[in-house]
Amino acid sequence: MYLAFIDNLSNNGTSIIHDMNSIIKLLATSLLFIAVLLTDTLIGATILFIIFVFLFKLGQIPLATVGRLALYPAFFSLLFALIKIGQSWQEGLLIVVRSALAALSLLMLISTTPYNEIIYFFSMFMPPLLIDILIFTYRAFFILVDQIGNMLRNIKLRGGYHRKNLFLNIKNMASILGVLMLRTIEMSERMYLIYTLRGYDGEINVNRYEEGISLTDIVFIVFCLIILVGVIII
Amino acid sequence: MSHIHIPDGVARDAWWLLVIGFAVTLIFLFFILRRLDREQVGKKIPLAGSISAMMLVTMSVPLGFIPFHLNLASLCGIIVGPELGFIGVFVVNLILAFMGHGGITVVGINTAIIGIEVLVGNKLYGLFTKKWKRSMSSALATFLALILSTAITFGVIFLITGSSDAILQGHHDEAIHFLSYSGWLAIVIVLAIGIILESVVTSLIVSFLSKVKPELVDRSEKHV
Amino acid sequence: MNPVVKVRCIKHVYPDKTEVSICGLDFSVDQAERIVILGPNGAGKTTLLFHILGLLSPTEGEVEVLGMEPYKDFKKLRREVGVVFQNVDEQIIGPRVYDDIAFTPLNDGKDREETDKLVKNIAKQLDIEELLDKIPHYLSGGQKKKVALAGALINQPKILILDEPFDGLDPKSKQEIIDYLNKLNRELGITLITTTHDIDLVPQIADTIYVLSKGEIVLKGNPKDVFSNTEILKDANLDAPVLMELFKRISNRGYNIGTPISIDEAEEILVKILETRYYKN
Amino acid sequence: MNPVVKVRCIKHVYPDKTEVSICGLDFSVDQAERIVILGPNGAGKTTLLFHILGLLSPTEGEVEVLGMEPYKDFKKLRREVGVVFQNVDEQIIGPRVYDDIAFTPLNDGKDREETDKLVKNIAKQLDIEELLDKIPHYLSGGQKKKVALAGALINQPKILILDEPFDGLDPKSKQEIIDYLNKLNRELGITLITTTHDIDLVPQIADTIYVLSKGEIVLKGNPKDVFSNTEILKDANLDAPVLMELFKRISNRGYNIGTPISIDEAEEILVKILETRYYKN
Ligand SMILES: Nc1ncnc2c1ncn2[C@@H]1O[C@H](COP(=O)(O)OP(=O)(O)OP(=O)(O)O)[C@@H](O)[C@H]1O
Ligand SMILES: Nc1ncnc2c1ncn2[C@@H]1O[C@H](COP(=O)(O)OP(=O)(O)OP(=O)(O)O)[C@@H](O)[C@H]1O
Ligand SMILES: [Mg+2]
Ligand SMILES: [Mg+2]
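Chains as they are written, first to last, in my numbering: chain S, 12 to 245; chain R, 27 to 250; chain C, 4 to 284; chain Z, 4 to 284.
Treat the hints loosely; a few may be bogus.
Simulated pairs of lysine-lysine, DSS-like, Cα-Cα distance not exceeding 25 Å [stated by the list, open to error]:
1) Z:K223 / Z:K161
2) C:K251 / Z:K251
3) C:K78 / R:K69
4) Z:K186 / Z:K161
None of these hints come from the bench; they were simulated from the model.
Chain S extracted, bound-state conformation (with noise of 0.2 Å):
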């Protein structure tokens, strides 16, 4: 499962892009993110694409595990750029390079940055009942997948997978996903219950781990704001 593997990658992972402080690293990240969006030719998505290859070699990220999870939005945006191609093939080869950018811009962040650094950054604008299901979700999920995986390794060796057969697999997949479903609710009751036991009334309070601004820093957002503003130029 991906996201249990980009969770590793960010938590466990000691590259220098890890090393920077999160609130920055956000912030550059979104300088990219808006030069990906604001990019008009394919040079300077090309550019952009150079960057990003070079950005997860120097995060330590896995080009093919990772950045193969961009092929998903260039995918959609197929259905986009299939309305434009009409007009200029140009035009729907850009929609697919940017929303594949787009991700992979995305993707740096949350390899490099850990899901709680991220939940802090949005505690800052969001309602705390919305963070508390974000956390509440990270663990869960958590729970869930070695479940589902347990499960999934079950069902094989008892002989129900099944590659070819769709029905028989589709009705097999059907019912774990119903026991897994039935898990989850008694789960979280029993989640809810241990929580009022420890004091929980409807508020989790999100620590922030301090961190200093290093020279990294500084260069990495300085960088990334020169990226935008080639970009615009351009």
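Following the hints, complete the assembly by docking chains R, C and Z with the ligands onto the known chain S.
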């Protein structure tokens, strides 16, 4: 992929649509969060979180040789109600935006669109179960909810690209015309398969649950 | 001294109409007592704990904790009672170990500085300081137990409740947890209420044992007494710890050489007997 | 006779780069042998089982089961190997007990009639006939284990793999499962491979014990030999069963009176000694 996740960067010229998407989603969220019963809030937060996690995890279930994944928005609407379901969809879209599914500028509009599935799925299911069996009702409710959300997605796509006639009239260039035509055909087929799959799976899950824990899918009593 | 926990013949009906009753002998726990509740699967051990915690309200019968009614005085009692449930995964909310341990004090309105002191202090005691910065799902089972324990203890509760705390742990981790619990009990006078199926560990963490079976508390007493009551234990699907069983059988064969509770005791008894009989070889 | 399972120095790297190696002594299991794998948390017991099951493919080293490579010949081997994992809740997916037990034959394309015979037969053997119509979700821990066992055994596998099968069960349920497993082994010659932290049960279900620690199989042998190796056990965070430990200590004090493996044996040894010394009282 029974849903189209609109990605970042395609709606540059229709930014107003994204703003509307955000506005709609935020207004809904605002009212849902405000309406959450103070007494019940402690209980509902873990439930909403768990349901969001469930939707995320569902995407990793292999359905066999076709590379589809489910997201069970309609099912979640049926089980936890439209309000928590809507929050779930928002959370899922927000998290997925960082993973290349959908995008950050389009979280609002994606949530609004898929949120419709939650709402419509839930309401239709309530309506249908008065007459039909739960499995049948859930299949139909999900199917219609997905058709509706897909239709709306296309509406949005046309609004964004500013042309609905592009696909209908095509281009003078034969090659591009063909590309465009077969591309659309492929998309329609893919979506149709996705919608049917999700309806079938939803129905199977509902009938499983009604054997094992019927109160989860029961609407005869008053239920969220 | 008044008992800190008192339960008298409760009955609980779950929403699906499963009836659980816990009658028979009274359940009554003194300050700083170490209690172990034994019983077969489904006897109602967890249900009993839920009532003591105020998570369930009894359909019939009385529950009293520190002179209050747990279900009604939930908010007040919450601060006096710490819990570690069997499935610690669901108990840890994170996002980081630090946040999790800090959860209760922050929710209780303590300020960050005070909380920080508390967290660091408890982490030091449990020797999990280097975990504070970690994400819960990357911890091992034993580490998770310790984090959950830290989260339960940070409020310095008077009573600590543990539902099958040794499940899935290796012998050394079990022993570490036992030693820590006993230290808590000795040094801070914390009352311990534990359930477990790990009968051989029971003598180490029990002053008093309650045996639950078929809706009744059928047995109550110190480990020696309880574990010599083979009949009732068998009836409740339970065994005595191996050592006690062995010496019980020896005594049944007519040789009353004592009932050791630990391996050390047993060793001494046997060596004493052998010394008078054998030449060392 | 060729071993049915053979593992030679495997190394596995999980996607998050956690490296698990299982080297040292060779792991080699004969037909109808009863194996127990011991080791501290995180030693790699489950990882080893996953390789034997063909769920993982080793980064280095060799695994052979019934002369095949489990990862490659997964489909063939699947029918010969039954499994019960620790968390049976994740293993039982049928809406009714019957459906769950019937899962494998139906998925293998057997018809309803044949399946029905198989299900009824295995249910009878495990004495769970009256559960067939129940919803698994509401069964007790011990009952769930039996259902999972039935699901694993319905194909009449040659090898049965159990990952911590006794977790959370009460003593009687543990004993029932042990007795049933031994019956399977005796009567049908099923090979048993078990992991557990319940050391006192090990002598009852092990012909051969493997001890895993720090990436190595550090010890291999029959229970008597393995459990007398206190040094290595301690080093692996393990204990010997209480009885063996006791008699080991006695022997260290200079009295070699034997190493009993069961409580019956211990009783006889002690009574014999006492008979020659004491008057019955
Ligand atoms: N939420 C629930 N809904 C319905 N029945 C329940 C629920 N929780 C427990 N029960 C039933 O109540 C009885 C007592 O269960 P409880 O969990 O208290 O037993 P236990 O002694 O803790 O068992 P174990 O040793 O397996 O943990 C059982 O018959 C169980 O099936
Ligand atoms: N899916 C996984 N991804 C990454 N690391 C893993 C995974 N599964 C296990 N590990 C790691 O591999 C090592 C061996 O784990 P394993 O589960 O095999 O141990 P075990 O002996 O079964 O322990 P236990 O007694 O706790 O069940 C541990 O360090 C564990 O953290
Ligand atoms: Mg219990
Ligand atoms: Mg294991």
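For each hint, the structure was consulted:
1. Z:K223 / Z:K161: This hinted pair holds, its Cα atoms lying about 22 Å apart.
2. C:K251 / Z:K251: Given pair C:K251, Z:K251 holds - Cα atoms ~21 Å apart, limit 25 Å.
3. C:K78 / R:K69: 16 Å, holds
4. Z:K186 / Z:K161: Roughly 14 Å separates the two Cα atoms, so the pair holds.
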